[in-house]
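*Asks:* These are the residues of each chain, in order.
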Amino acid sequence: MNRRHIPLITELPLVIWLVLVWGALWQDFSPGNLVFGALIAYVVVNFFYLPPVELTGRFSVLWLVPFLGRFLLQLVTASVQVFWLAVTRGPTLRNAVVAVALRSHSDFLVTATGHAISLIPGSLVLEVDRSTSTLYLHCLNVASVEDAEAVRRDVRATEAWLIRVMGSSRDLAALRAEEASR
Amino acid sequence: MVHDVVVSALLIGGALMSLAAGIGLVRFPDLLSRMHAATKPQVLGLLLLLLALAVDNRSWILVPVLVLCWVFQLLTSPVSAHMVGRAGYRTRHLRRDLLTLDELDDVVARAADGDHGGPGRTDAPDGGAGGDRT
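Protein chains in written order, with the numbering used here: chain A, 1 to 182; chain B, 1 to 134.
Since the hints were made in silico from the structure, they are not lab data. Note that beta-carbon positions come from the ideal geometry of N, C-alpha and C, so glycine has one too. Hints may be right or wrong, so weigh each one.
As the list claims (entries may be wrong) - Covered by chain B, per the in silico footprint, the following chain A stretches (three or more residues, Cβ under 8 Å): (1) 78-91; (2) 148-161.
To be verified - Only some residues are given here: those of chain B computed to face chain A with a beta carbon under 7 Å: (3) GLY24; (4) ARG27; (5) LEU32; (6) MET35; (7) HIS36; (8) LYS40; (9) VAL43; (10) LEU46; (11) LEU51; (12) ALA52; (13) PRO78; (14) TYR89.
Unchecked claim - Some chain B residues judged to face chain A by a derived CB distance under 10 Å, without partners named: (15) VAL26; (16) LEU44; (17) PRO64; (18) SER77.
Just chain B, with the same shape it has in the complex (with noise of 0.2 Å):
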């Protein structure tokens, strides 16, 4: 009985983490923004799934294979969201009306600068300034 309701708060808590990530992708303004939803809450949704099942699997042999599976989203899901990330910073698809302190701008912008027509930097001048899709 105890048990069913750990594992059943456990899957429920797991489910509203994803729909956490839905509601963020839905409503998040950019795609940077959307990249924060897509990871995080996500990483603990699958947590509290997985400790679900190990709960209502109540053997041990499971464990290992649990874990792999978490540790294998902890090793990829920061990997993807800095590749999109990146790859979108650079091809602009960002909202810059939305940032409120730009770091990264100057050292893209010297870089650009430094070696003319390098690989830094690929897009036009004044391309999507106001972003992607307002």
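Isolated chain A, as found in the complex (with noise of 0.2 Å):
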């Protein structure tokens, strides 16, 4: 087998990640189980290779709170918007494709922000621009350009939330420098 070796310290949170699945699937988290899975999941992940995922090399669980706060209200939020839209507006809905333009290069941090903005208010993730890093939206009930002005910015605040979670430390680094410029 002629592939490119990868360190176990890469490969440990998605090992961690298996083990977890493993126990909560078999709804045992008893040690002997766990180590079964341990096993299990490194030999998953040394036959089944994937390309490993590059992570910041950051992660803030105080951030975290509060974004996991922000994100269940935003949905909320989102859904009971989309409810309401479905039942007052339906066939007369206008929307808009809008290009918004993060700050960070990471593919972890701009997947993650994809992600988040899909699931948070009336926007979908049509088209990824990896070179630039910008993300094309489908957004929902977009009548005029203040109005995709206001996605961008909410946009980029969920990023910048996400840079401040799990953003590599020159992302969070030019992130301060630009709200202590504002």
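Fit chain to chain and form the complex, with the hints in mind.
*Replies:* Pasting the structure below:
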């Protein structure tokens, strides 16, 4: 097998995740079961090879909690908003495709941002330009240029939160500088 | 008693979210707006239903499985929405008359000019400009 060897430390988050899934599926978190799960996870990771996910090397639990709170709140708002639009506006809805340039160039962060904003207020990722890390979003109920600007601000705010939670230290420094200059 | 009230409130909330998705699917005008209805209320709906299950079950051992269910939905539903949305946009299954602004159109046109007949743009020049279903 002539594949690039991946150090165990890069695989560790994936192995831990697989062990947790194993425990959850068996509904049994006893040490014996977890050790067996770890064995299987290790074999799976090595036999079913995937390119390693490049994490950013930073993770802040302190910022994660308020981010999750904000996320849940926006999830509820988004769902109620879609419900309201479906009932009141229906076929007369006006939409827009908006381009949003993100700050970060990390694949991981762009993916995370795309995921988060697909789930919260009225936006859906249509296309990603990796070279400029621009997201093209389809947005519900955008009637004017100001609305589109609001969407852009919203998405960049979500990205800022994600950078605080798990952005690389370079992205974080850039964000701090941007906030300071405002 | 209180317990039953909480469970039924959660179940009704979850069911309402499914109803929202259903109404959205019927009433929204084109594919892309329907994808919004198909993804967003469902995530909250499933969360409420799973919460109801967790409360009703009164044991902690089921919680990890329920969390897992929700996490997998969180991970998969934006991806499926993205794939459907992207395919829909590229095959012109959208109604341009409903868009107030389209910043992707120029980019796609430029990319198509760059590599003549490349995979970027597969539709006819005026293919369904007026929408797929009117």
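*Asks:* Look at each hint and say if it fits the structure.
*Replies:* Results of checking the hints against the structure:
1. 78-91: Contact hint for the region 78-91 of chain A vs chain B: holds, 9 residues under 8 Å.
2. 148-161: That given contact is violated, which follows from only 1 residues of the region 148-161 of chain A lying within Cβ reach (below 8 Å) of chain B.
3. GLY24: Holds - the Cβ of B/GLY24 comes within 7 Å of chain A, reaching about 4 Å at its closest.
4. ARG27: holds, 4 Å
5. LEU32: holds, 5 Å
6. MET35: holds, 6 Å
7. HIS36: Since the shortest Cβ distance to chain A is 5 Å, the answer is holds.
8. LYS40: holds, 5 Å
9. VAL43: holds, 6 Å
10. LEU46: With Cβ-Cβ at 11 Å, over 7 Å, it is violated.
11. LEU51: With a minimum Cβ separation of about 11 Å from chain A (threshold 7 Å), the hint on B/LEU51 is violated.
12. ALA52: violated, 16 Å
13. PRO78: holds, 3 Å
14. TYR89: holds, 5 Å
15. VAL26: holds, 8 Å
16. LEU44: OK, holds: B/LEU44 within 10 Å of chain A, min 4 Å.
17. PRO64: Cβ of B/PRO64 sits 4 Å from chain A, so the hint holds.
18. SER77: Hint on B/SER77: holds, closest Cβ of chain A at ~7 Å, below 10 Å.
Hint compliance for this structure: hints 2, 10, 11, 12 are broken, all remaining hints hold.
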